[in-house]
Every structure is written in structure tokens, then in C-alpha cells.
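J.: Now for the letters of each chain:
2 protein chains.
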Amino acid sequence: MERINNTIKNISGVDPVIINKTQARLDNLTKPLGSLGRLEELAKRICGITGKVNPSLVNKVIFTLAADHGVTDEGVSAYPKEVTAQMVYNFVAGGAGINVLAKHVGARVVVVDIGVSADLKPDPKLRVEKINYGTKNMAKGPAMTRDEAIKAIHAGIDLFEEELRRGIDIVGTGEMGIGNTTAASAITASFTGSPVEKITGRGAGLDDPGLKNKIEVIKKSLLLNKPDPADPIDVLSKVGGFEIGGLAGIILAAASHKTPVVIDGFISGAAALVAFKIEPKVKDYMIAAHKSQEGGHKIILEHIGLRPLLDLDLRLGEGTGGALGIGLADAAVKILTQMATFKSANVSEKNI
Amino acid sequence: MERINNTIKNISGVDPVIINKTQARLDNLTKPLGSLGRLEELAKRICGITGKVNPSLVNKVIFTLAADHGVTDEGVSAYPKEVTAQMVYNFVAGGAGINVLAKHVGARVVVVDIGVSADLKPDPKLRVEKINYGTKNMAKGPAMTRDEAIKAIHAGIDLFEEELRRGIDIVGTGEMGIGNTTAASAITASFTGSPVEKITGRGAGLDDPGLKNKIEVIKKSLLLNKPDPADPIDVLSKVGGFEIGGLAGIILAAASHKTPVVIDGFISGAAALVAFKIEPKVKDYMIAAHKSQEGGHKIILEHIGLRPLLDLDLRLGEGTGGALGIGLADAAVKILTQMATFKSANVSEKNI
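Same order as they appear, the protein sequences are chains E and Y.
All the letters of the first sequence, read from the start, carry residue numbers 748 to 1099 under my numbering.
All the letters of the second sequence, read from the start, carry residue numbers 748 to 1099 under my numbering.
Take every hint as true, because none was put in to throw you off.
Calculated lysine to any residue pairs in the SDA-like style (CA-CA distance at most 25 Å, straight line):
1. E:Lys1097 x Y:Asp820
2. E:Lys959 x Y:Lys1097
3. E:Lys1097 x Y:Ala825
4. Y:Lys1090 x E:Asp870
5. E:Lys850 x Y:Asn801
6. Y:Lys1030 x Y:Met748
7. E:Lys877 x Y:Asn1093
8. E:Lys959 x Y:Glu1096
9. E:Lys1097 x Y:Arg949
10. Y:Lys850 x E:Phe1089
11. E:Lys768 x E:Leu1053
12. E:Lys850 x Y:Arg785
13. E:Lys1030 x Y:Asp1058
14. Y:Lys828 x E:Pro779
Don't read these hints as lab results, they were simulated from the structure.
Work the whole structure out from these sequences, hints included.
T.: This is the structure we're talking about:
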């Protein structure tokens, strides 16, 4: 817990002076005032976060954390549990959606086993930070111990700080874990108090009876474990997942190192919620990439107060929406740093 | 007109067999069915348009057409008319928003003077296809002759077909012209019948009295010229612009050459409306990049039946939103062609 507290201590507010300077600079570029809308907002935010007037997003990193969930015993997913490990091999081989989209935006993917229920074949492209072989079934008791929850967050902080040595200018969150929309839904219900029915979606593709069962399993788990919303570690340990804890740690670490962090979809959103409940100041460091098709995601974004950049009906996870969001952030920074000014281009300003 | 008719004759429907094949292929990729949402839709559409099962968007081209508008005499813009020519030099020098965003997505920009009111310095990077030195003031009579309207569309077809020899896999529409949101608003009112007040926005940044004046000028122009919505050339000639006609030609030519065309914002939308009214089949070839902050743009998109990809409060034009849309189209095609299948990656499929 000390490591978490030390990380939080280093999170300051974003720099308002630099944000104002950036606004003035944007207003001098050859375009009508504010005409690049949310790209301008994004550029300002990135300057405020990094404290740099000329940020450059060279090192783009997406962390894709994989873990298993004991609650899959309750039949909450359309896919078998084995898919988590299989997909990790796919990430390492470069064949998954996140590999394609990360390459598209020039980001590197850091694949991490933070709690897959099998021992995976060693691979130089795979980081192993296994907290345990999957969580326990939260419908029968806490998903993990309090100590494991803290360890998962620590692992995220460590992952970020180690990767920082290779350079990180912007980071995206990603995950893989059969059953993890169930955990994300339970976390969202705990923190926001929204009804489970409104939060819970079909995940990777449940049918109607499957969705009904998933809702009941979540309700049962909340009733049994009574996670305390005033204690984020308690919520994470009782109904969370190792990848969610790890991502919360990455988000906290990113904020403490003045790095913009692009939040992917629903599960990443649940991790963002955990981080936000631990330290509300992280909000200013978060960029919401997109609005997922999972209903609970919208509830999370509204609760934190984030407006998503994209609305493409994505629900894959892995960090795929985050990758596209990183692409937009890159575009925003290039607008700021590469466009001509009215003066340099000899263009007349507004009449009035 | 014959050239337009010949172009239209070559526009066929998109290929449903290839779209079905693409759907089957997408369903075999290592992701839950449909989980990449609109990216999957986009990939299917591009396959259907091009007739290729393995499209590759190597040659990305954005046409940025510049022209002046006589209606600026009525004080409808916050910027002086001279800015059109000044911005053309900025495009050629590479300092404008479109240059930065086109480079970001790997597109080349074709800058065209199709009706700027000044003689511009010759430059190898500038195409001159001037129909006239700006349109006439539509508040006093037709903006151009019927012959000029046809010539503008022809110029667009020629531009596309010449550039096609250098290779075009996807095309984006862009424009620059002080006063052209006034023309776009008048075109939108003519074709859709929506009230001018609802369609008309602040353009590059009008204040309240300026907006009121702009609405009155548009109403007056429509009353005076009586454009016939059943005759798209009539609408274009009476209340249009040369860049709008040129873009309509580019859109028709793109469809006739089985090339996806990414529509930028409001003015490009007005051009799309002209092309759509000339030949409704072009609809299937259009990809709406984003929803502009100009209210009339939403009306156009709904009228044609297009759902925009991005909602970033952009209102710059030039093709900037189109560039970002091209980036998403590229991502969609890469998903289709670069992801592993369940079989190749040894990943289990859905339980049910």
C-alpha cells in the first residue's frame, strides 16, 4: 500500500499556465478560432498533462493485461475460459486486433500475464507478473485477497515504470480475460450505485438467457461480498480482476509521471473507476477513447466526467479503441506543433 | 453534360457477393462476432465498393478545391475574401490543417484553384482549373451560369481521372472558400426543404447579428433565384459554388471508378447532396467522416442516409475531417486483411 500512496503523492493537477499558453498558440494557427474542436481540446490537455509546450508523442505504448476469472464457472461468458491463454499467444504472435491497430497508430504493445489460469510458454514478448492463477469465483466469495488486490495495483505501477525507461509519451490501457465484463459490471455497480440490469451487457456475445444469468450472478456476488464503495481496494478484491487492478496501477503511475493515459472500453473503464476512487486527481490525465457498446461503459464515463472521442460500436477490448484514441491524440499534437500561424503564412485574421 | 451522363452510366451498385464473403471472413477473425462494430461495417463497404476481397488503401488522395463567392459582398463571413487565396498559398506551402492531417494518415493533397477571384502565382503543387474569378453575388442573381455549373462538375471528373493515373485507392473531399457555408446552406435548403434558420450556422465564426444577416441573405437568394430541387444543375448554378460543383464531379467520378469517397464536413456534404441528386446510387460509395458543428450538416447526412464516423466538433473544412475518416478506413481494412483467424491462431470459438 505504501507504493500506491507514494505514487498518489506525486500526482499533481495539470498545468493551467501551459494550457492557457497552448490556447493562445492554437488561436494563432491558420484556421478559424476553435474550428478543430475536440482536437484542440486534446492538444491543450496533453500540454497541460506533460507540462510541455511542444509535446511529441513518439513513444506510444499499449499495455494489454490478461487474467482469468473464477466467475466463469457460473457460465457468464459465451466463450470458454481457455480463450484467455489462447489469445495471449495470439497477442504475442501479432495476430490479434490490438496488434493490427497498435501498428496502425505506431504504438508498441506490452503483453502481460497478470493472472492467467495456466502457465504460459515463456516468450521474450510476454511479461509474466502473475498474481495468481485466475481469481476465485466471486459468486462464492471474494475474487481475491486484499493483499492480492494491492499486489495487482503494484504490478501495474511497476510495469509502467519499467517500460518508462524505454520511453513513454502516451499510454493506452488494454485487457483480455474471459469473464471480465462480469467483474467490470460488478465494480461499476459498487461504485456508481446504478442498477445491475442497466450496467450489464452481453460481453463477447451472450444470448438472452445468458444475459439474465449474468445479471443474477453479479447481483448474488454483490450481496454475498458486500464490497465497500468507500474502500476501492475492497471493491477490487471482492468483485474485481487482476488485469483491472493492474490497469488501475498503470493509470495511477501514468498520472504520477505526467503521462496522458488513453482509456479503452468497459473493462479499462472499470480500472479507471478504481484509480479515480483511489485518487480523483487522475481524471485530468485520462482521455476516454471511445464509447463501448456495453451499457455500463457510458455510466462509468458519466460518473468520472469523461467524454469519449469515438463512437464506433466497439466491444472487443484488448486496447483496440485506445489505439485509435492514441492516433487522434497524435493528430491533435501535430496540429498544434506543425501548422503555420497567420503571421508566418501571411493569412489575414478575422475582420472583427 | 454528356461527360456527366457517361460518368453516371458507369456507376453500378456495390457488390453484395463480396460483402457477404467479407462478412464471413470477418467472422473468422480472432474476436467476438461483430465486436469491432463500425470498423467491420467499413471494411465490408470498402470491399463491396472496390470489388476486391483484399483491398489495400495505399494511395490516399484528398482533393482540396478553392473558390471564391460573390455573396461575400453581403457580409456573410467573419473573414475577408482575400483569405481564400492566402489559404491556397498556405496549402501549397504545407502549413494548413489539411496538410498536417493528410500527412498524419499518409494521404497526398491535391490543391486546386477552381474559381479563386485572383490570379495565383503558378506553382507545380497547384492545379489551376479556374471556371471563373469567383461566383457572382447570389443575392443579386444566379451565382453562375448553367454552363459554368456543368463545367465545374466536369472539372471534378477530370481532376479525379487524371489523378487516378497516379493511383487512388480512397479519396477524400476538401474545400476552401470564404463564404461557402452560405452557398452550402442555400443548397441544403433547396434540396431538403428544411428551414434556413435550422440549416445556417456561424461558418468561420460569425457573431449573432452576422448570423441573422446571413440567414436573411440566404432567404433572399432563394426567393430571387428559385432554384429547382428537381434539377440539381439548376440548384448548383443558382446558389452553389465552383468548389462545390467540382467536388460533386469528384464524387461521381469516384463512384464510377469503384473508389470509396470520404465526405468531409458541411460544404463537402452539400457537394455530396448535389451528386446524390444527380445519381442516388453514389450513396453507397460515400463514407461520412464526421458530423460538423454546422447544423445543416446533420440535415444533409440524414437526408442522404449516412452515419458519420467521428463527432469531434470540427468545422474547419479543407478535408480535415475527411483525412481522419481515411485513417479509420485504413484501420478497418487492416483489421480485415492482417488479423489472424481462429484456426490459424488456435483460438477456440464461441461455445454456442
